[in-house]
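Undergrad: Now that you have both chains on their own, put them together as the hints suggest.
Protein chains in written order, with this note's numbering: chain A, 1 to 357; chain B, 1001 to 1395.
Hints may contain errors.
[To be verified] Straight-line distance between alpha carbons at most 27 Å, and here's what the computed BS3-like set of lysine-lysine pairs gives:
| id | chain 1 | residue 1 | chain 2 | residue 2 |
| --- | --- | --- | --- | --- |
| 1 | B | Lys1252 | B | Lys1179 |
| 2 | A | Lys9 | A | Lys349 |
| 3 | A | Lys9 | A | Lys344 |
| 4 | B | Lys1307 | B | Lys1083 |
| 5 | B | Lys1276 | B | Lys1220 |
| 6 | A | Lys159 | B | Lys1200 |
| 7 | A | Lys159 | B | Lys1231 |
| 8 | B | Lys1229 | A | Lys159 |
| 9 | A | Lys159 | B | Lys1179 |
| 10 | B | Lys1220 | A | Lys159 |
[Unchecked claim] Pairwise CB distance ranges, derived in the manner of DEER restraints:
| id | chain 1 | residue 1 | chain 2 | residue 2 | range |
| --- | --- | --- | --- | --- | --- |
| 11 | A | Val319 | B | Gln1357 | 46 to 52 Å |
| 12 | B | Gly1054 | A | Phe168 | 36 to 42 Å |
| 13 | A | Arg185 | B | Glu1347 | 22 to 28 Å |
| 14 | B | Glu1208 | A | Leu308 | 28 to 34 Å |
| 15 | B | Arg1133 | A | Gln88 | 18 to 24 Å |
| 16 | A | Leu308 | B | Glu1075 | 25 to 31 Å |
| 17 | B | Glu1346 | A | Arg185 | 18 to 24 Å |
| 18 | B | Asp1256 | A | Val319 | 44 to 50 Å |
| 19 | B | Met1257 | A | Ile315 | 23 to 29 Å |
| 20 | B | Gly1285 | A | Val297 | 53 to 59 Å |
These are calculated hints, taken from the structure and not from any lab test. Built from N, CA and C at the ideal position, the CB exists for glycine as well.
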Amino acid sequence: MKKLNGSTKKLISSIAVIVVLYIVMSTMQATGNLSSLMSGLLVPVCAYALVAIGLNLCVGYLGELSLGHAGFMCVGAFTSAFFSKTFQNEIPDVPRFILALIIGTFFAALFGFLIAIPVLRLSGDYLAIVTLAFGEIIKNVINVLYVGRDANGFHFSLKDMMSLNMDFDGVVLVNGAQGITGTPRQSTFTISVLLLILALIVTHNFVNSRTGRAVKAIRDNQIAAETVGLPITKYKLTAFTISAAIAGVGGVLYAHNINSLTATTNNFGYNMSIMILVYVVLGGIGNFSGSVVATVVLTMLPEMLRGLSTYRMLIYSIVLIGLMLFNWAPGILKFREEHGLTTKQLLDKFKKKKEVQ
Amino acid sequence: MKKKFLSVSLCAALAASLFVGCGSGGGAATSTETVETSGELTWRIGGIGPITGGAAQYGQGVMNAIQIAVDEINEAGGINGYKISYNFQDDEADSQKSVNAYNTLKDWGMQILEGTVTSGACAAVSAETYNDRIFQLTPSASSTSVTEGHDNTFQICFSDPNQGTVSADYIADNGLGTKIGIIYDSSDPYSSGVYQNFAKEAANVGLEIVATEAFTSDNKTDFSTQLQKCKAAGADLLFLPFYYQEGSVVLKQAHDMAYEPIMFGVDGFDGLLGVKDFDVSLAEGVYLLTPFAADATDDATKNFVSKYEEQFGGTPNQFAADAYDGVYILKEALEATGLTPEASNEEICEALIEAIQNVNYDGLTGEAMTWNEKGEVSKSPKAVIIENGGYVSVE
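Chain B extracted, bound-state conformation (with noise of 0.2 Å):
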């Protein structure tokens, strides 16, 4: 009796916890809403990206970033007098993730989604969100696939084919080199993207590239067989399209080999000088494309870098800085709606479409930044020198 007690009561447990499940899937609130909003009408922002696994620094550098925002913008009373209540969800940088997490936030109420953080992952949302209406403002994937086709996607950070074609017409008009040799990571969306552009454009102003090399993410620890490549077929300048982990592990090696050519990295680069055990006298000299930097000393920088090294520790990169601007960017956007949080996502979301076209934007990473119909946002890409262990720029 006492056995058969135990094991209804197993049962029961089994089926209750099923229910549960269900419950607050469909529920309204999950413990990871970071504003306590109970019962009170509040614009409802989402956030996705990778805050475990390999990508993981840049998904929680979003997500502190906006923490900070919605927390500045709360505290000023909010967008159109309603409060944000906000809740990042985690996607490990995986496409079918990033959907279960894109879902979760919709059951959860998201009115306008600031997301996702990697490109492969916000293609993927993206084309939910474009199904279902609701506003997406990516602050760092920077694949043309997200916005193509998706009237309701718009970037923050610079599109591929505009930092690959900038990078190349840099080069070429200040004459940096004239033998290019390229180092880039071949399984990643990102990288091979900008390099696609790259020398697409190197083709039409006159660039020779003698060198293409390519590594994966499962062997970035040692390039020294790319590097003696592009040392043996002349190049005099190396372009450098991804992250500044293996960007710091290439610029050792280049000089442990006594190989010194310009190095010309993009805007993943940024954070270079904050890798741990990198002798920083090595970054001396390197060309990057970034739209912020972290020591800069203007009020809204020092303000947000402040309080980012206060609140989280450690010093943002322009993925944090490019999602920080991007709740800004929503706010000034919806003050010029007038809408309130009662509206539809549907009603938000053209709403946002028109209204974004014609904000004009001073951020962290970027001055006078619009936004065409395509959902590409145009900032000049400043181009910076590494020098004395700080960027300089180089206009």
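Isolated chain A, as found in the complex (with noise of 0.2 Å):
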């Protein structure tokens, strides 16, 4: 057997953790010991996973700090939906979402190139800011738009539904703040899991290859790439757009889980945007297996915490930073080396431990 470096090896563990976690869960689930909690969270927290895989693309190795991923993910849902329901009952199911999954992804990705270059001549606070902006506008524009279809084909309008100007017959699909409502559902926990592990073997071998290498490279020290004659425009373009890319599959399954998809602070605005970099930072930065984790369970414990009632927000807000601290503070971090309680100690004794056996 070919022998298989280190972060190989950690990515195809991780998917086998996910396989298993998958098989256990549609286990549960078809057998009915899975609460319907639990069952309704699968998709969500997969669709977030995705998001934060693909930020994660972005901060940890393109190093740049991106404040607009839900803006991605944004684009991704709603034209998506839109092709969706657009088309209910003119394609059939299948080929509908496998289209629907293009048609998001390539939205995304376009966006993500589109905003990217003028974006990326920033860099740092800057750039953050500017992306944090591109989310907002995004979200405000997708408010205000009125998009409908009769016989005569499609009409726009970015003032209010009458200026559609449709005959009776008409349909509105994109109804401004109301959004779109009754995208047919169609994101299951298989095909999610699915993009998930994808989307996990795209990022690890888009971080190891040449243009990978490069990215890292302008990542640690610009000058010295420019130096080398790396273009940087071109690597950091790339990133960023696979970047988006990734957030955009993340909003078509988003989308396809819930009956009406409306654009607001909650789940697409800046508080979104900073809810997937929480995940991404809890999780390591540059780890896109822990960006996973993190991300589950940060989306479980505001259900879990249900039972403490109103006091479950605060709960959470001290929980979250209970765990940067335990994950991130210098003082802690020594602790945890000196009693054996690092992540990588607890799995080389496990590891050990299988040995010995």
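TA: This is the structure we're talking about:
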């Protein structure tokens, strides 16, 4: 057998863990042992995990802080939901969903590309602020966008529903702040997990490819990278576009899992962008599997705390602070190292035990 | 060795906590359940609404009002001889969170849902209840997307078309204004929904809309631009389909720029007189459509308002009143079916769909309320005008 390098091994083990979890969850679901809450959370968790992976590529490997990834998710969600809703009765389910997936991903990537051209001339805080603004623009444009369809074709308006001037039998597809209602529900847990694994493989291969190495070189020292002749803009654009595309896939899953899709601050505004950044930071910048774990934990947590009634948001915040400190505070890291409690040490112990057996 | 023990025990604790999490998710009771029902067979009524976040006050009003009604009914012997247990879950007015809350309630064993409070979230949840065949009665989600295509979802509040259309008709019939200016919240489904239907009807009844100005939820502290434009367009009546906090700001700023058209709000304006640090005299002469006035003098309203003030503090708004009525409407419909809590969710749902269409209910928010098969309520919206710091009916 060919010897695998460390990161590939890690990828295979994280995929194995996901597959095992998938089998456990689907068996429990099939036998009716999974609570409705948990089975309802399966697809959203995968969707958020995908966006977190996308953002991690941007933050961890491109080294640029983006606060607009909810915007890309939003683009993916709305374009795909629009497509699915428009052709609901004209294209059969399976090809329509595949097309919706491609369309959502493509448009998120396109917006990522377009926004990256001016934005990547900036770096650091400036880039963060511009991406934040971009996310808000997307959300606000969708909130005033009206699209209808009648026998004469499509009608667009940025004003209100009346200015669409549709025939009497026209159907409003995107209704401003009321968003898109009645998207066919097609995101299943199986599809979500497959896409999640695919995203992990793609990002893993990307960061270890020639392009990925160049991106990392640019992140570590842009001047040095420029000196050896790397075309900075090209690599940055590629990485940012892929990052946006993966976020778009998350958006497609999200949109096809919920009947009423609206663009509010909570689900596609800066709140969500920051939430995703929290997943990335907690899971470890540059660590894709870590992002997935953090997403699962942080999405489940507020739901698990429902028993605490109104205190749950408070407790959630405190737990979040606690987790961040546990993971990143230097003093605590030192303590964990001394007492054999770092993730690596725990994993090593686990492995050793296996070898003994 | 010690370290090893520590790490193993930590792992064990982690694993155990995972299972505990699953267990409580799949099990029966949660601590938010507010009526002790161990072992007893009860009606399980769930509620969903925002009790944290920006729209929290609406959700809290609904939560508290349902609690009052449930307590009253339980004291009086319950429905068909069975008491009600009630569980309210937070959704932060977000669609996805609302579905999560719904799933939590389903795990708890909910048979009937009274919720959700906000329109966007409600549309998402009603698609779920429709699939699961659970009867849903929403106190305040007024959008048509809530009831469209869902035979199991009924509204207690007026639907958006109803409010927009009635307002336009009322203005035209009474000749309140000829040049209409509109300010609305384009990021809010409720506000844009009412606006759209108002504008549609306005065209039919010959009202001229001279200015249409929008704001968004991110940007609702200064309305001087919108007011200035309406003033410049010569609007003599402003139609303001949004909530009362923003309403108080609009009134204040219009007064400051000496712009005094007739102000016409819809049911979201209810609560205007209770805004802190708001000069109530500015609200004099404001028209609003509301199904409920907290200072009404009939016994039912007095009883409800005093109980609410005593238990939770503050004056209940129309959301709360709708929710309070909702429980009694469910009671009346359930009594008509003669079912017991042993019935399956589907049986209850089908029976209630039949029964609620025959209910004729007099409550806090309207008299002789009836429902059609689309799920919309028919009750007459009351237009009131604010005079001397109180509501005065204008009919």
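Undergrad: Checking against the hints above, which ones are violated?
TA: Per hint list: 14, 19 violated.
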